[in-house]
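Peer 1: In case you want the letters, here they are:
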Amino acid sequence: MSEEIEKNNVALPEPGSLVLSTSPHVQDGDSITKIMVKVLICLLPAVAASIWFFRFDAIRILVYCASFCIFAEYGWTLATRQRATVGDYSALVTGVILALNLPPGVPWWICAVGSIFAIIIVKELFGGLGQNPFNPAAAARVALLVGFAGPMTQWAAPAAGSLISGATPLGAIQAAKGSAEAIAHLGAPDNLMNLFFGNVGGSIGETSALAILIGGLGLMAFRLIKWQIPLAMLVTIFVFTGIVHMAAPGLTPNPIYHVLSGGVMIGAFFMATDMVTSPITPLGALVFGALIGILTCIIRIWGAYPEGVSFSIVIANALVPLIDRMCYIRPFGWHSHSASALQIRRGEIK
Amino acid sequence: MNIPIKTWHFHGGVHPADGKALSNSVPAQRAPLLDRYTVAIQQNIGAPPKPVVAKGDAVKKGQLIAEPGGFVSAPVHAPTSGTVGDIVEVPGANGGAIQAIEIISDGKDEWGSGLDPIPNWKNTDREILKKRIAEAGIVGMGGAAFPTHVKLSPPPEKVIDTLILNGAECEPYLTADHRLMLERTEAVLEGAAIAAKILRVDRVFLGIEENKPDAIAALNEKAGQYGVTVVPLHVRYPQGGEKQLIYALTGRSVATGGLPMDVGCVVQNVGSCAAIRDAVVEGHPLIERYTTVTGTPVANPGTWILRLGTTVEQALTFAGGVKTRAAKVIMGGPMMGFAQTSLGVTITKNSSGVLLLQWKETAEYSSNPCIRCGRCVRACPMKLLPGPVSVMVESENYDEAEKNYVMDCMECGVCTYVCPAKRPLVQHFRRAKAEINAKRRAAKAKQA
Numbered sequence: 000m001s002e003e004i005e006k007n008n009v010a011l012p013e014p015g016s017l018v019l020s021t022s023p024h025v026q027d028g029d030s031i032t033k034i035m036v037k038v039l040i041c042l043l044p045a046v047a048a049s050i051w052f053f054r055f056d057a058i059r060i061l062v063y064c065a066s067f068c069i070f071a072e073y074g075w076t077l078a079t080r081q082r083a084t085v086g087d088y089s090a091l092v093t094g095v096i097l098a099l100n101l102p103p104g105v106p107w108w109i110c111a112v113g114s115i116f117a118i119i120i121v122k123e124l125f126g127g128l129g130q131n132p133f134n135p136a137a138a139a140r141v142a143l144l145v146g147f148a149g150p151m152t153q154w155a156a157p158a159a160g161s162l163i164s165g166a167t168p169l170g171a172i173q174a175a176k177g178s179a180e181a182i183a184h185l186g187a188p189d190n191l192m193n194l195f196f197g198n199v200g201g202s203i204g205e206t207s208a209l210a211i212l213i214g215g216l217g218l219m220a221f222r223l224i225k226w227q228i229p230l231a232m233l234v235t236i237f238v239f240t241g242i243v244h245m246a247a248p249g250l251t252p253n254p255i256y257h258v259l260s261g262g263v264m265i266g267a268f269f270m271a272t273d274m275v276t277s278p279i280t281p282l283g284a285l286v287f288g289a290l291i292g293i294l295t296c297i298i299r300i301w302g303a304y305p306e307g308v309s310f311s312i313v314i315a316n317a318l319v320p321l322i323d324r325m326c327y328i329r330p331f332g333w334h335s336h337s338a339s340a341l342q343i344r345r346g347e348i349k
Numbered sequence: 000m001n002i003p004i005k006t007w008h009f010h011g012g013v014h015p016a017d018g019k020a021l022s023n024s025v026p027a028q029r030a031p032l033l034d035r036y037t038v039a040i041q042q043n044i045g046a047p048p049k050p051v052v053a054k055g056d057a058v059k060k061g062q063l064i065a066e067p068g069g070f071v072s073a074p075v076h077a078p079t080s081g082t083v084g085d086i087v088e089v090p091g092a093n094g095g096a097i098q099a100i101e102i103i104s105d106g107k108d109e110w111g112s113g114l115d116p117i118p119n120w121k122n123t124d125r126e127i128l129k130k131r132i133a134e135a136g137i138v139g140m141g142g143a144a145f146p147t148h149v150k151l152s153p154p155p156e157k158v159i160d161t162l163i164l165n166g167a168e169c170e171p172y173l174t175a176d177h178r179l180m181l182e183r184t185e186a187v188l189e190g191a192a193i194a195a196k197i198l199r200v201d202r203v204f205l206g207i208e209e210n211k212p213d214a215i216a217a218l219n220e221k222a223g224q225y226g227v228t229v230v231p232l233h234v235r236y237p238q239g240g241e242k243q244l245i246y247a248l249t250g251r252s253v254a255t256g257g258l259p260m261d262v263g264c265v266v267q268n269v270g271s272c273a274a275i276r277d278a279v280v281e282g283h284p285l286i287e288r289y290t291t292v293t294g295t296p297v298a299n300p301g302t303w304i305l306r307l308g309t310t311v312e313q314a315l316t317f318a319g320g321v322k323t324r325a326a327k328v329i330m331g332g333p334m335m336g337f338a339q340t341s342l343g344v345t346i347t348k349n350s351s352g353v354l355l356l357q358w359k360e361t362a363e364y365s366s367n368p369c370i371r372c373g374r375c376v377r378a379c380p381m382k383l384l385p386g387p388v389s390v391m392v393e394s395e396n397y398d399e400a401e402k403n404y405v406m407d408c409m410e411c412g413v414c415t416y417v418c419p420a421k422r423p424l425v426q427h428f429r430r431a432k433a434e435i436n437a438k439r440r441a442a443k444a445k446q447a
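Going down the list, the sequences are from chains A and B. For what it's worth, numbering that gives the first Met the number 0 labels the leading residue of the first sequence as 0, then goes sequentially. For what it's worth, numbering that gives the first Met the number 0 labels the leading residue of the second sequence as 0, then goes sequentially.
Pulled out of the complex, with its shape left as it was, chain A reads as follows (with noise of 0.2 Å):
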């Protein structure tokens, strides 16, 4: 078949090639693909910290997670005979997710139960990306803490660096309730130093805070997320963790501890903020992040846990649908200046 046809001495198109389709007829570029290749981009540091602090525990837990999510999500779709996603890599960031959220001794089946959990319970069976309700790492994290504590609470120390102890800040938190002495040494600053480098226990992705803050900045530069769930979520914990902190000094350390510590900052950056399963209104993330705030200190503060981000994630993701029906944005036009009030302005009808 010719390309053109030939008239006039011009060349011109030939109608039996013309595709026909609606409007609009281009589009911006990006894909969903794309899209999780930036948030991949925007993980590396949180990764590059992760392996400086843990050394091989973190490569390891890594290639795991990542390694059980793809094969999770090719097989599930094999066995439903439907079409392969493992290409739109969502399923490699919720393992690289997953295994940023996991001590670094745990053994090859945790990553595994967590991964395959993450993938077939939480995604696939909800029908798969964009239908789950809750953040697949989050929901991972929060099932593998309950049902397998022992594992998931075997804290080691940061390979690299001077050694604090062996707990986590979290921990040394508990250790410390009741004596304002003690609580008060946890926030001092050459301690807020190392919870902000990352020189700290925890699990391997979440010590450094200024990784994920970096990584975080990108995520918004690329308008990868609403900033307002991070925003909402980090200001909330602050305000309530500071308030407690001044009502009670031997309760709980002043607020930049608790900011820097534990799951909050890769929680906020990088969890709340799953597009599927965060609200779509602006309203909403503001109000989704400020939840997840005050679920984040109920839980770390009163709760029997230390540590509670990914809990309030998983509760907040629930109470979604709820977020987005009340916070919902009235069209354009909706209340406007209508004739009567126009008139009214200018005096023509009393």
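One should not assume that every hint holds.
Calculated lysine to any residue pairs in the SDA-like style (CA-CA distance at most 25 Å, straight line) [what the hints assert, rightly or not]: (1) LYS359/B <-> PRO14/A; (2) LYS37/A <-> ILE119/A; (3) LYS421/B <-> PHE125/A; (4) LYS359/B <-> SER341/B; (5) LYS432/B <-> ARG324/A; (6) LYS432/B <-> SER366/B; (7) LYS157/B <-> MET409/B; (8) LYS33/A <-> GLU363/B; (9) LYS421/B <-> ALA433/B; (10) LYS37/A <-> ASN367/B; (11) LYS129/B <-> GLY45/B; (12) LYS382/B <-> PHE221/A; (13) LYS157/B <-> GLY69/B; (14) LYS37/A <-> SER365/B; (15) LYS421/B <-> PHE221/A; (16) LYS322/B <-> VAL18/A; (17) LYS432/B <-> TRP333/A; (18) LYS421/B <-> TYR73/A; (19) LYS421/B <-> GLN130/A; (20) LYS33/A <-> GLY86/A; (21) LYS421/B <-> ARG82/A; (22) LYS382/B <-> LEU282/A; (23) LYS37/A <-> ALA326/B; (24) LYS130/B <-> HIS283/B; (25) LYS359/B <-> ALA326/B; (26) LYS382/B <-> GLY250/B; (27) LYS382/B <-> TRP333/A; (28) LYS359/B <-> GLN130/A; (29) LYS432/B <-> ILE328/A; (30) LYS33/A <-> THR361/B; (31) LYS322/B <-> SER178/A.
Some but not every residue of chain B turned toward chain A, in silico, with C-beta under 10 Å [said to hold, decoys possible]: (32) LYS242; (33) TYR246; (34) GLY256; (35) VAL321; (36) LYS322; (37) GLY332; (38) GLY343; (39) TRP358; (40) VAL413.
Everything labelled a hint here was simulated from the structure, so no lab data went into it. A quick note: this is a predicted structure, and the numbers were derived from the prediction, not measured. Glycine included, each C-beta is placed from N, C-alpha and C at the ideal position.
Knowing the structure of chain A, use the given hints to seat chain B on it.
Peer 2: The following block gives chain B in isolation, referenced to the frame of chain A:
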């Protein structure tokens, strides 16, 4: 008038690659006279006009060949002198086949519209001017093709205080209005002054996107004489959407389901204004228009003055045909235009452009699930929730879609442009609107 005017930002919008550089510096060329024109009978929204000529009749250029079929209708005139041929079927720009009157040119191109020039329009009765606009068959030339005389006849209870000229031309690639404002500056402004007289308003804004500095300068030079204020606006699609333009210029928002006249505004395309001037001052009905023929495959992109009834094939021939393979031929712009499968489509009163796209430039859709990224919500100029509403439409939950204001969707396509999942969002909304309209009609019929 160089007084900076306060403008407002509408919500959302996008900045697509505009492609205007292909054609915006090429002066408009008058197309050579053709042997044959196929003039579509219905070129307006509203009642279809009725042909008043028979095969073999001799017609002059500008002579009436189809009379309006009602108040909301517009007559059609012969694009050149010659004889009337058959009533033929030609492909319509929106799909299907439409009726067209064939005019065989006699090569003389003699005027004979029967409309007297009214050069002294300033001292002419408003009703006479309005009648002239109706007789000249002028419609909204930006795309909607709503008869202009109807827009200029607001019901007495509506107070109109602002006339807005739409020179935004926010659709990528199109430069017809740009060239028109640059080359026929005074015609646009004089037409606006006539419309302002008819509406009895003294506040006339011309909204134009900042990417046309030469046109803005040309307009500013003359605007004062005609009482028009030229307001440069941010380059953001859909700046030229009627409700968005009114908001940008006046800060007034048209209520959902409302009309511009509810907020005291009438919006006219700049092309329609030039046509008003020609009809009144020259006595020429609307038989030709500025149309951009552009796109990367086109050999010589540019703007042509085409007579109504010219086929796309002829328009493309004027532009030197194609130099690379074209995957799409679109009547209008890339955001809201209509793809064609035939080159026999004719230029009508609202054909602002003929756009050709290569395969790699065209959008591809898939039914990927919504990942709720919210880009559509950020981009929607009507502040709707395109992603969630599209899910409702997919499950045929039209009632829920209606509750979420799907009827306010103006189908500008920005949600679909930004969607990373490449979901056919606006296509879902068109379907929902059709279903809801059908349901409303059925309910009305049941009541009656």
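Peer 1: Please work out if LYS382/B and GLY250/B have their alpha carbons no farther apart than 25 Å.
Peer 2: holds, 16 Å
Peer 1: Decide if the proposed pair is consistent with the structure: LYS421/B and PHE221/A, CA atoms, cutoff 25 Å inclusive.
Peer 2: The hint holds at about 18 Å.
Peer 1: For the pair supplied as a hint, LYS157/B and MET409/B, is the alpha-carbon distance within the 25 Å limit?
Peer 2: holds, 23 Å
Peer 1: At a threshold of 10 Å, is the proposed contact between LYS322/B and chain A supported by beta-carbon distances?
Peer 2: Result: holds, 7 Å to nearest chain A Cβ.
Peer 1: With a cut-off of 10 Å, does the beta carbon of VAL321/B approach a beta carbon of chain A closely enough for the hint to hold?
Peer 2: Hint holds; VAL321/B Cβ to chain A Cβ min 5 Å, cut 10 Å.
Peer 1: Quickly compare the C-alpha distance for LYS129/B and GLY45/B to 25 Å and report which way the hint goes.
Peer 2: Holds: LYS129/B and GLY45/B sit about 18 Å apart, inside 25 Å.
Peer 1: Is the straight-line distance between the alpha-carbon of LYS432/B and that of SER366/B 25 Å or less?
Peer 2: Holds, because 20 Å separates the two Cα atoms, which is no more than 25 Å.
Peer 1: Would you mind confirming whether the straight-line C-alpha gap from LYS421/B to PHE125/A stays at or under 25 Å?
Peer 2: Status holds; Cα separation ~21 Å.
Peer 1: Has the given pair, LYS432/B with ARG324/A, been kept, meaning a C-alpha gap of at most 25 Å?
Peer 2: holds, 22 Å
Peer 1: Straight-line Cα separation of LYS157/B and GLY69/B no greater than 25 Å?
Peer 2: holds, 22 Å
Peer 1: Compare the distance between the alpha carbons of LYS33/A and GLU363/B with 25 Å, and conclude whether the hinted pair is satisfied.
Peer 2: holds, 16 Å
Peer 1: Would the hint linking LYS382/B and PHE221/A be met if the CA-CA limit is 25 Å?
Peer 2: holds, 22 Å
In terms of the numbered hints stated before, the structure departs from hints 23, 28 and 31, listed from lowest to highest.
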